[in-house]
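Construct the complete structure from the given sequences, taking the supplied hints into account.
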Amino acid sequence: MIREFDRWAYDNRLRTWRAEWKLLMALAMLFVVMIGGWREQWLVLGGMAYWIIGRAGVPFSLYGKAMLAACIFLGLSLLTLVVSVSFPFQFSIVDSQLQPAAQLAIRSLAAWSCLFFVLITTPAPELFAVLRRMRLPAALVELCFLMYRFIFLLEQAAAELMLALRARNGGTHWRHGGMLMYQLWIKAWQSYEAFSRSLAARGGMTSVVYTHQPLKTNMHLADITAGVVMVMLLLGLEWWKG
Numbered sequence: 000m001i002r003e004f005d006r007w008a009y010d011n012r013l014r015t016w017r018a019e020w021k022l023l024m025a026l027a028m029l030f031v032v033m034i035g036g037w038r039e040q041w042l043v044l045g046g047m048a049y050w051i052i053g054r055a056g057v058p059f060s061l062y063g064k065a066m067l068a069a070c071i072f073l074g075l076s077l078l079t080l081v082v083s084v085s086f087p088f089q090f091s092i093v094d095s096q097l098q099p100a101a102q103l104a105i106r107s108l109a110a111w112s113c114l115f116f117v118l119i120t121t122p123a124p125e126l127f128a129v130l131r132r133m134r135l136p137a138a139l140v141e142l143c144f145l146m147y148r149f150i151f152l153l154e155q156a157a158a159e160l161m162l163a164l165r166a167r168n169g170g171t172h173w174r175h176g177g178m179l180m181y182q183l184w185i186k187a188w189q190s191y192e193a194f195s196r197s198l199a200a201r202g203g204m205t206s207v208v209y210t211h212q213p214l215k216t217n218m219h220l221a222d223i224t225a226g227v228v229m230v231m232l233l234l235g236l237e238w239w240k241g
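Counting from 1, position 223 in the sequence shown corresponds to residue 222 in numbering that gives the first Met the number 0; the numbering is continuous, with no gaps.
No false leads were mixed into what you were given.
Quick list of in silico lysine to any residue cross-link-like pairs, SDA-like style, CA-CA up to 20 Å:
id : residue 1 : residue 2
1  : K186      : A158
2  : K64       : I52
3  : K186      : Q155
4  : K64       : L108
5  : K186      : R2
6  : K64       : E154
7  : K64       : S107
Calculated directly from the structure, the hints in this document are not laboratory data. This one's a predicted model, so the numbers in the text were calculated from it and none came from an experiment.
In structure tokens form, the structure reads like this:
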């Protein structure tokens with residue numbers, strides 16, 4: 000799924016927008032999510048879905064996978080808020096924490112939709128180039144680049160190990176899963192060391208060079224209208240709340 004995200008970052012219909020504009024838009028919506036109420040958060044969630052699916056042309060199935068993954072991690076985290084464990088192993092639901100948990104879930108999903116908008120519409124090299132132009136510390140940007148590269152190495156290693164496991168008729172015992180995780184870690188670490196040696200063999204660059212391919216900006220009237228309507232709705236909600 001990671002490679003599918005990266006492919007759509009280059010093939011979406013908002014590819015011609017400048018990376019600075021998309022990052023600024025996502026940060027502005029994220030700020031609204033952090034300070035606004037649940038109405039603003041639902042509006043931002045719907046607006047980001049429109050921009051990702053309707054304007055960028057990202058398939059609904061891919062958007063659904065991203066939101067489902069966020070919901071799974073969020074659901075596991077919220078269990079610590081709404082579920083109480085007492086001796087001897089008695090589970091109960093804390094009613095007073097249901098509303099805060101629901102508010103946190105909406106806020107988290109809206110914030111994730113803002114970040115996903117940047118990830119699915121902006122190639123990673125352009126995003127790193129924007130961070131460098133923002134005068135962020137070079138060590139921080141290069142750390143993000145190495146983490147981005149390591150994700151692909153980890154995915155490739157996991158795919159190869161799963162293929163090898165299926166070729167041997169797989170395994171349903173929990174020991175097979177533990178062995179697979181151990182082999183995955185070893186193979187990913189070996190791939191990362193090979194990547195480091197390849198960089199050193201090419202001169203040992205002390206910093207990563209990010210290239211930005213200038214494209215002709217092509218903003219349609221529908222994009223501008225949708226942005227203006229969304230801002231007016233947010234301002235209207237704030238005025239209505241008093």
